[in-house]
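J.: Hey, can you work out the whole structure from these sequences and the hints?
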Amino acid sequence: MPMKESASKRYKVLEHTADLALEVYGRDLKELFGNAAFALFDVVTDLSRVEEKVERTIRLRSFDLEELLVNWLNELLYYHEVEQLLFKRFEVKGLESDNLEAVAYGESFREGRHLILTSPKAVTHHKIEVVEVPGGWRARVIIDL
Amino acid sequence: MLRHQGTIVGAGFTPALVRNMEKELTLNIKQIDPYRWKIEKEGSMKVEGIVYADSRIMEEIKRDLSLRQVANVATLPGIVRASLAMPDIHEGYGFPIGGVAAFDETGVVSPGGVGYDINCGVRVLRSNLRREEIQNMMKELVNTLFRNIPTGVGSHRKDLKLGIEEEKGLLRQGARWAVNRGYGYERDLDHIEERGCIQGADPGEVSDRAMERGRAQVGTLGSGNHFVEVDVISEIYDEKLARTLGLELGGVAVQVHTGSRGLGYQVCDDFIGVMLRAASKYGIELVDRQLCCAPIDSEEGRRYFAAMACAANFAFTNRQMITHWVRESFSHMLKRPSEELGLELIYDVCHNIAKFETHNVDGKPTKLCVHRKGATRALPPGHPQTPAAYKEIGQPVLIPGDMGRCSYVLVGTEAASQETFTSSCHGAGRVMSRTQAMKRAKGKNILREMEDKGIIVRASGWDTLAEEIPEAYKDVTEVVDVVHNAGIARKVVQLKPLGVIKG
Numbered sequence: 000m001p002m003k004e005s006a007s008k009r010y011k012v013l014e015h016t017a018d019l020a021l022e023v024y025g026r027d028l029k030e031l032f033g034n035a036a037f038a039l040f041d042v043v044t045d046l047s048r049v050e051e052k053v054e055r056t057i058r059l060r061s062f063d064l065e066e067l068l069v070n071w072l073n074e075l076l077y078y079h080e081v082e083q084l085l086f087k088r089f090e091v092k093g094l095e096s097d098n099l100e101a102v103a104y105g106e107s108f109r110e111g112r113h114l115i116l117t118s119p120k121a122v123t124h125h126k127i128e129v130v131e132v133p134g135g136w137r138a139r140v141i142i143d144l
Numbered sequence: 000m001l002r003h004q005g006t007i008v009g010a011g012f013t014p015a016l017v018r019n020m021e022k023e024l025t026l027n028i029k030q031i032d033p034y035r036w037k038i039e040k041e042g043s044m045k046v047e048g049i050v051y052a053d054s055r056i057m058e059e060i061k062r063d064l065s066l067r068q069v070a071n072v073a074t075l076p077g078i079v080r081a082s083l084a085m086p087d088i089h090e091g092y093g094f095p096i097g098g099v100a101a102f103d104e105t106g107v108v109s110p111g112g113v114g115y116d117i118n119c120g121v122r123v124l125r126s127n128l129r130r131e132e133i134q135n136m137m138k139e140l141v142n143t144l145f146r147n148i149p150t151g152v153g154s155h156r157k158d159l160k161l162g163i164e165e166e167k168g169l170l171r172q173g174a175r176w177a178v179n180r181g182y183g184y185e186r187d188l189d190h191i192e193e194r195g196c197i198q199g200a201d202p203g204e205v206s207d208r209a210m211e212r213g214r215a216q217v218g219t220l221g222s223g224n225h226f227v228e229v230d231v232i233s234e235i236y237d238e239k240l241a242r243t244l245g246l247e248l249g250g251v252a253v254q255v256h257t258g259s260r261g262l263g264y265q266v267c268d269d270f271i272g273v274m275l276r277a278a279s280k281y282g283i284e285l286v287d288r289q290l291c292c293a294p295i296d297s298e299e300g301r302r303y304f305a306a307m308a309c310a311a312n313f314a315f316t317n318r319q320m321i322t323h324w325v326r327e328s329f330s331h332m333l334k335r336p337s338e339e340l341g342l343e344l345i346y347d348v349c350h351n352i353a354k355f356e357t358h359n360v361d362g363k364p365t366k367l368c369v370h371r372k373g374a375t376r377a378l379p380p381g382h383p384q385t386p387a388a389y390k391e392i393g394q395p396v397l398i399p400g401d402m403g404r405c406s407y408v409l410v411g412t413e414a415a416s417q418e419t420f421t422s423s424c425h426g427a428g429r430v431m432s433r434t435q436a437m438k439r440a441k442g443k444n445i446l447r448e449m450e451d452k453g454i455i456v457r458a459s460g461w462d463t464l465a466e467e468i469p470e471a472y473k474d475v476t477e478v479v480d481v482v483h484n485a486g487i488a489r490k491v492v493q494l495k496p497l498g499v500i501k502g
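Sequence lines, in order, name chains W and U. Under numbering that gives the first Met the number 0, the first sequence has 131 at position 132, and the numbering climbs by one with no breaks. Under numbering that gives the first Met the number 0, the second sequence has 48 at position 49, and the numbering climbs by one with no breaks.
Hints are computed from structural coordinates only; laboratory data are not their basis. No experiment lies behind these values; they were computed from the predicted model shown. Even for Gly, the Cβ is constructed at its ideal location relative to N, Cα and C. There's no promise every hint is true.
[To be verified] Below, computed lysine-lysine pairings styled on DSS-like, alpha-carbon distance capped at 25 Å:
id, chain 1, residue 1, chain 2, residue 2
1, W, Lys87, W, Lys29
2, W, Lys11, U, Lys441
3, W, Lys11, U, Lys29
4, U, Lys441, W, Lys8
5, U, Lys438, W, Lys11
6, W, Lys29, W, Lys92
7, W, Lys29, W, Lys8
8, U, Lys157, U, Lys167
9, U, Lys363, U, Lys138
10, U, Lys61, U, Lys29
11, U, Lys239, U, Lys61
12, U, Lys40, U, Lys29
13, W, Lys8, U, Lys438
14, W, Lys11, W, Lys29
15, U, Lys443, U, Lys363
[Claimed, not checked] Which chain U residues stay away from chain W? Per the calculated CB distances, all over 12 Å, these:
id, residue
16, Asn135
17, Arg194
18, Gly223
19, Ala241
20, Arg260
21, Gln265
22, Asp268
23, Asp287
24, Glu356
25, Asp361
26, Glu413
27, Ala414
28, Ser416
29, Met431
30, Glu448
[Stated by the list, open to error] To list a few chain U residues with every Cβ distance to chain W over 12 Å, as calculated:
id, residue
31, Glu47
32, Asn142
33, Gln172
34, Arg433
T.: See below:
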């Protein structure tokens, strides 16, 4: 289920002194989580240069939606760091308030082909917010750089 | 009186007791003297807050939530004397960055009070070199450093492959592990906080995932504000102290600023999950979920400390290995052995750490768990742990600034041991968000601008460079002047950058 909207509608970068704060939107929770992951990698690299060559299936349990969102993004960062993967598309297959199943598609970082713009340290729980708004969902996450 | 927005608490968060601070919006702030401010104890605060700042810096501090965070930390169980903030304070996650909090045996240990980059810290090397000797080779020297010290995604020394058992040894031993393998000298250990090894490290408490991230990144610089910088001593404030540190005007020094990389981030993240549940289990009220913590004397508290010590030891090792490559790079460029170049370690300090230390509380020596989140230990002259070479002057306090202006070396004082659990500031602190910095940097040739100022920069990411433009930071001179004038550290020398490598 590739996202059709332009990148600007999927998330926006908020002003925050020390770090990177993202506000993410989605028509439903699955789209929200997919867009949050897209936003994360969109700030890491130029995604137009990333192809879909590998996939990683991710299953997570958490005690609430906020923790689930933080864990989901940190899980992707883990693959980015250990396997140098850059993800560009996400299929969130199952999502409830305490568990998630998703597939992330992308490829390994290649010197010369890909540009690393920002290297996040971790997605934090600080001021984490996942709220239902008219027409969908909105989340805020703060990333430690 | 200052009005703030309350700390926003996650909506669906039920397991721990979270009280919404929205109802307690007002902080009562009083100026004590030109460099000290008090946040009056109110509501659920167990102690007052003390902020070190002058009036101008205080205005800047009030722009974000950092003072509210100082007050929030004061609500945690077992906190002793005061929740402290240094002049470089800015908004962090739960705990402010630039904060110090000490807890007695009834108190807590918190991953948020240490941060994601466990034992992010800095070291400074002196040298026998004069600026003139390296001036003409700066470009090539910076390139050599950039080649020898891995920076950026996936970069790693080809000659360095760690097995799991070796990694466990590294986590237990810290900098000693590196020295035993030929990275640096035995005497380097005398000039590292805790001799480069926090006791109580247990690799069994470090997740497989954190271990994996560690193996992939040992001996790497990382990105963001991490750097290796070649400096010239540009000003001396106290000749005698400078001589004891082996520093003179026009001399060359090197700074290494990095931390525990992905291993530390993973340990922090793993234990935030553990601590959110622990806080609920032990009935600890949290005003912000990122303050999650466990009693020092609990299974969760002990486990976090054992894992955090591993990450701290990883960071000491990392800086020790990078130091070795710095010495090799200089030696290669100058075609002289590094001993001859006098590239000796002045000191290595942690900026993000929790440690058990003994401090006087109401006249009695008391074992405390001191959290320094963006703060530096600053031992006074004569302290048992102050290294022999500095016994008469106090422990060196190393304060890196932004890449365009300057950095400082200070020493600890008796006042810091009376007031701040022997702590001082740690750096400049951002004033501009990363997005603001990027906008400011747009269309600029940052490398050229820096070169025009006489500073050669190599970085692996353009964004890193843009985010780290000097204007994005507080002027470190103002920060250092506050701690110097307040008496909690003493200025010795100023360093100016000649060359920088960044991740």
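J.: Hint by hint, note whether the structure agrees.
T.: Verification of the supplied hints:
no., hint, verdict
1, Lys87(W) / Lys29(W), "16 Å, holds"
2, Lys11(W) / Lys441(U), "19 Å, holds"
3, Lys11(W) / Lys29(U), "38 Å, violated"
4, Lys441(U) / Lys8(W), "23 Å, holds"
5, Lys438(U) / Lys11(W), "15 Å, holds"
6, Lys29(W) / Lys92(W), "8 Å, holds"
7, Lys29(W) / Lys8(W), "16 Å, holds"
8, Lys157(U) / Lys167(U), "20 Å, holds"
9, Lys363(U) / Lys138(U), "54 Å, violated"
10, Lys61(U) / Lys29(U), "13 Å, holds"
11, Lys239(U) / Lys61(U), "38 Å, violated"
12, Lys40(U) / Lys29(U), "11 Å, holds"
13, Lys8(W) / Lys438(U), "20 Å, holds"
14, Lys11(W) / Lys29(W), "18 Å, holds"
15, Lys443(U) / Lys363(U), "57 Å, violated"
16, Asn135, "31 Å, holds"
17, Arg194, "27 Å, holds"
18, Gly223, "5 Å, violated"
19, Ala241, "33 Å, holds"
20, Arg260, "9 Å, violated"
21, Gln265, "7 Å, violated"
22, Asp268, "6 Å, violated"
23, Asp287, "8 Å, violated"
24, Glu356, "26 Å, holds"
25, Asp361, "34 Å, holds"
26, Glu413, "32 Å, holds"
27, Ala414, "28 Å, holds"
28, Ser416, "29 Å, holds"
29, Met431, "7 Å, violated"
30, Glu448, "20 Å, holds"
31, Glu47, "24 Å, holds"
32, Asn142, "17 Å, holds"
33, Gln172, "24 Å, holds"
34, Arg433, "6 Å, violated"
Violated hints for the displayed structure, listed by number in ascending order: 3, 9, 11, 15, 18, 20, 21, 22, 23, 29 and 34.
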